[in-house]
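Number of protein chains: 4
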Amino acid sequence: MSEKIKKIGVLTSGGDAPGMNAAIRAVVRSCAFHKLDCVGIFRGYEGLMEADFKPLDARSVKNIINRGGTFLKSARSQKFRTADGRKLAYKNLKEANIDALVVIGGDGTFAGASVFNEEFDFPIVGLPGTIDNDINGTDYTIGYDTALNTVVEAIDKIRDTANSHNRLFLVEVMGRDAGDIALNAGIGAGAEEILIPEQDMGKDRLVESLRKSKLSGKTSSIIVVSEGDQIGKNIFELAEYIENNLTAYEVRVTVLGHIQRGGSPSCYDRVLASRLGVGAVDALINGESDVMIGIVHNKITSVLFKNTVKTKHKIDLELIRVADIISI
Amino acid sequence: MSEKIKKIGVLTSGGDAPGMNAAIRAVVRSCAFHKLDCVGIFRGYEGLMEADFKPLDARSVKNIINRGGTFLKSARSQKFRTADGRKLAYKNLKEANIDALVVIGGDGTFAGASVFNEEFDFPIVGLPGTIDNDINGTDYTIGYDTALNTVVEAIDKIRDTANSHNRLFLVEVMGRDAGDIALNAGIGAGAEEILIPEQDMGKDRLVESLRKSKLSGKTSSIIVVSEGDQIGKNIFELAEYIENNLTAYEVRVTVLGHIQRGGSPSCYDRVLASRLGVGAVDALINGESDVMIGIVHNKITSVLFKNTVKTKHKIDLELIRVADIISI
Amino acid sequence: MSEKIKKIGVLTSGGDAPGMNAAIRAVVRSCAFHKLDCVGIFRGYEGLMEADFKPLDARSVKNIINRGGTFLKSARSQKFRTADGRKLAYKNLKEANIDALVVIGGDGTFAGASVFNEEFDFPIVGLPGTIDNDINGTDYTIGYDTALNTVVEAIDKIRDTANSHNRLFLVEVMGRDAGDIALNAGIGAGAEEILIPEQDMGKDRLVESLRKSKLSGKTSSIIVVSEGDQIGKNIFELAEYIENNLTAYEVRVTVLGHIQRGGSPSCYDRVLASRLGVGAVDALINGESDVMIGIVHNKITSVLFKNTVKTKHKIDLELIRVADIISI
Amino acid sequence: MSEKIKKIGVLTSGGDAPGMNAAIRAVVRSCAFHKLDCVGIFRGYEGLMEADFKPLDARSVKNIINRGGTFLKSARSQKFRTADGRKLAYKNLKEANIDALVVIGGDGTFAGASVFNEEFDFPIVGLPGTIDNDINGTDYTIGYDTALNTVVEAIDKIRDTANSHNRLFLVEVMGRDAGDIALNAGIGAGAEEILIPEQDMGKDRLVESLRKSKLSGKTSSIIVVSEGDQIGKNIFELAEYIENNLTAYEVRVTVLGHIQRGGSPSCYDRVLASRLGVGAVDALINGESDVMIGIVHNKITSVLFKNTVKTKHKIDLELIRVADIISI
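Protein chains in written order, with our numbering: chain A, 1 to 328; chain B, 1 to 328; chain C, 1 to 328; chain D, 1 to 328.
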């Protein structure tokens, strides 16, 4: 099957993440290296169904490795969930002589890809591009490391104010159902407490813990709250609850929001995206399909799409212990 | 009077701002240069009334010029608004042999300082320390330039996502009743529209303008909204209104919040703070009092405290015209 | 004359500076606002003589306000110094129906522009684009503020190491014959000593001063050296001299180099570039020519090209005094 | 043996690295968590031999996780290489009732630690703190990830200028005998060529490769040169050689220098340092000694000091292939 591949299409889908451009660049240049044609598909599966295509050569991706977002643009598509939508997509691919696809995105992207692959036996591999790090089969997703640095830099700024005013800050971070961003950025930012979806702390235990640390001499505190956490879900209510039950601090809330999705990618994310992009083209050439290319123990690996969906996110108990110890 | 000054106290009051540490450092080292003693007063007027003092020599302020916040901490004080509170403050100053004060803060800080100076004929000068740039008698306040850079860097990140998804983002920035941060950061960030308190745009004109720019080929938009703006005051309602009346875009809201008050100060703010700190000690030595030291046309000047309160913030019409032209 | 202008060309020349893209964008969009055509000219006067032109509309300059460098590229041209070269340039402009020019660069750029304007009576205005801030007739040049922040951030990093090892660092910064970068970044970075071309300190006085500050308790030191300074010109020799005559410190040298010319522009530089770009098109429409558009006391002004060349750079004595006081 | 440990000393030695403060903080707080006393030892082994000690409690390390350098200061020590020096160190430890040591540094630090442990059977564990990533037994050293980001951000700035002027830049980065920084930052920065000590490219092959890529349409180039590389060792000579043999480009050199050692640590380095600091105290409590605590496949591990010295640095062939492919 691999001999048939002469032209590869590449698209980004779902929420954007820093490093997607680096991944596209690696796919394009890897195609050039292997003397394959490469076609950019705009706005994810939407552009696939609208035949919004553009040939990409090695020079067309210069000076994008350092840019956040995705120059191919991204979208979420309802239509691609329908059989008609996917039929249209297949027709467009055939007409453009595209033999294989690289799709960069999250679990929703892979679910669509897997159905498409099954229906049309069309060679397709995926790359994990999301800041949430919530994909099975890879230790890291593209954009996650950058998001951690963005969050930590933002909290460093907030701590300036927290210290100056003896305040307690609740800082909400992204991550959907995964606490990875909250837990790692919380440790990195020196947070007093970290609220994650995988572990329900309870408001009372939280207040009790804050009371103790106040007594131990702390004059200000940062609490990092994952957007998916149970008691942190309504962060403004939580702030009120703390203020009512712990008079020691003024409480302030900051929702970091979309700054977490953007920004120039970190070196790690650029290198990861480059390795995975090269790996994706290698995999297609080698006849692989229906798989995501990921990184496990610093080695490029592939995993079936169906195994990338996290059943239940595991808590890293060592990290939670570290968080507890160093916030003493 | 100036010959009497042998020991100067310095404090920071009100909201913290990047560059306050650089200003304190300049006051302390300027005292050392002039062979005067210097005393740090913690937590603004609160610490003044509690005699929370600490002698500061030239070495005690090393390695702080680059840090956000204020190591002397800051607070807002109700008690200092009472005659009893100020009497206590005066008693503490006398007992500690402090002959003069440098207070770093905003208009509330200066109002308190002016009353105190009047009641006790106590030498006192102020430095404008606030990110809002809402003080009369100075072209720039300490922290304003840093806040502009923080806002622009944050919006650069948000734009990555806006571009990738063809979205419209409403970004709320600080500034209280002054639109300076919104207007300048809006221009710097390439915002489509900028909503400021000094100018009421009206929701309908806003939607109309966005509709036109969409037709002109724009695929994403950033609107910068000052927290004090009329229609922007409830930014989530505004987002809903736009989404209901302009179906072209998905609308997202980001409230930048307290990251704007922190961070390592920009070079401009460090130099400004250093010049003003030196100027404050010069002024006290020269017998000045009841004045704020500011910068006008790049020269150090002094202005009476009572003239620092902005009656009504003036709109810089040239900047508004520039904003209109370059967002075409 | 102004009625004749229907199409404006814009180019960048000489060393690149952060904010040049923002200036080009403002020129292009200002043209669109006034219903004028705009043409980008690549690689400065070189591209002018090679007719390397490209029409630019409002959308063609999107998402460049935040990028360093210049997307029109820049060059220094020997050929434009010849009468033949300029004749060729004039011919190309006429053939392309370009009625007026905006040139963005430094004094060399303006010298060429002035000769060209004189020879062909061709409308031409300049914008000051250089990190060196060494142009008469404007308080600030585009790129200068960004360079100051870049230098200060770099020295903040170096100070981490200097403090950790009790070392003395010599840090060379750009600025050609002007000490503005060294003096302001030196104050902002908390430098012990600042060596600038406008003031000859002498090696012995430098060593003597360092000896004193060591005795006063300093454990590490940063010396900022302007590339144009007399004794700093050979910075490695200077380091050796200090090490031989002041055994208290290990001495290290860092030449910051070209990182100072790049980077995303600061908010100030983006706003300045936007205002000047709008001002340039305004000036051409109003019939002005042979002038640079600058900023003086925060107002847009114009000054004849011949008056932009600095005869001798003046020392800002207040800043030197501040530097002396706060490094005590 | 573990039951005897009641007081732990901690020091940093050798070149400083971002994240050392986070590591110290984790050691101190881990001691507090386990009800052990902790003592900071200043200036590495020098301070150990001078009994330059200071008790550290949990609050004494607040607000340092985000700071570069090491607040305990660092030094290289000749005296500790002598038996007399080490005897003195042992005496000081005994007199201060310090039962165990955590030393943070590189291979030189561990060599000294191992001898000391052997001579006095004194419990001692090490943490890998160096930007060079040249220690066996750990996938990452503390400071390495931050240095990569610093290098990539610096080269992003240089590329602005390289692009604007169609230039070729040689950028020298640190790493001693290891090419890890050069290889990863080179990929991350989109370098054209990467010169590393582990692979001798030869000047002629380099020039030939540059010539080809020029022909392929590249208009500017960045070459990242590791300080330990054979042909890159004299980078200014190399620049001259290229300019003489490849007239297509102007060539410029930037030596990044000591900015690479400083700066606020990345989230990854803060988390790594926190985990290793906790792991060091765990190891001592569990009776381990003569080992470095490292991270392998994201798990905390320990390795004998004698096995941390790299015999010969291995080339990561996959990364070299990726670098070749994506620079096409």
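Derived by calculation from the structure, the hints in this document are not laboratory data. A couple of the hints might just be wrong.
A pair counts as met if it fits within one copy or between any two copies, since identical chains are not told apart.
Under the rule of at most 25 angstroms between Cα atoms (straight-line distance), these lysine-lysine pairs were calculated in the DSS-like manner [what the hints assert, rightly or not]:
{"no.": "1", "residue 1": "299", "residue 2": "94"}
{"no.": "2", "residue 1": "299", "residue 2": "314"}
{"no.": "3", "residue 1": "212", "residue 2": "35"}
{"no.": "4", "residue 1": "218", "residue 2": "7"}
{"no.": "5", "residue 1": "94", "residue 2": "54"}
{"no.": "6", "residue 1": "35", "residue 2": "314"}
{"no.": "7", "residue 1": "54", "residue 2": "233"}
{"no.": "8", "residue 1": "299", "residue 2": "91"}
{"no.": "9", "residue 1": "218", "residue 2": "91"}
{"no.": "10", "residue 1": "299", "residue 2": "54"}
{"no.": "11", "residue 1": "306", "residue 2": "35"}
{"no.": "12", "residue 1": "233", "residue 2": "6"}
Each hint tested on the structure:
1. 299 with 94: neither (34 angstroms within a copy, 47 angstroms between copies)
2. 299 with 314: Both, since 21 angstroms and 16 angstroms are each at most 25 angstroms.
3. 212 with 35: Only across copies: residue 212 and residue 35 sit 16 angstroms apart there, 64 angstroms inside one copy, limit 25 angstroms.
4. 218 with 7: Cα proximity of residue 218 and residue 7: across copies only (23 angstroms, versus 60 angstroms in one copy).
5. 94 with 54: Answer is within; shortest intra-copy Cα gap is 15 angstroms, inter-copy 36 angstroms.
6. 35 with 314: Answer is neither; intra-copy 42 angstroms and inter-copy 30 angstroms both fail.
7. 54 with 233: The answer is neither: 42 angstroms in one copy and 43 angstroms across copies each exceed 25 angstroms.
8. 299 with 91: Classified as neither: same-chain Cα gap 36 angstroms, cross-chain 48 angstroms, threshold 25 angstroms.
9. 218 with 91: neither (64 angstroms within a copy, 30 angstroms between copies)
10. 299 with 54: Classified as neither; 32 angstroms inside a copy, 44 angstroms across copies.
11. 306 with 35: neither (31 angstroms within a copy, 48 angstroms between copies)
12. 233 with 6: Classified as neither: same-chain Cα gap 49 angstroms, cross-chain 43 angstroms, threshold 25 angstroms.
In this structure, the hints that do not hold are numbers 1, 6, 7, 8, 9, 10, 11 and 12, in rising order.
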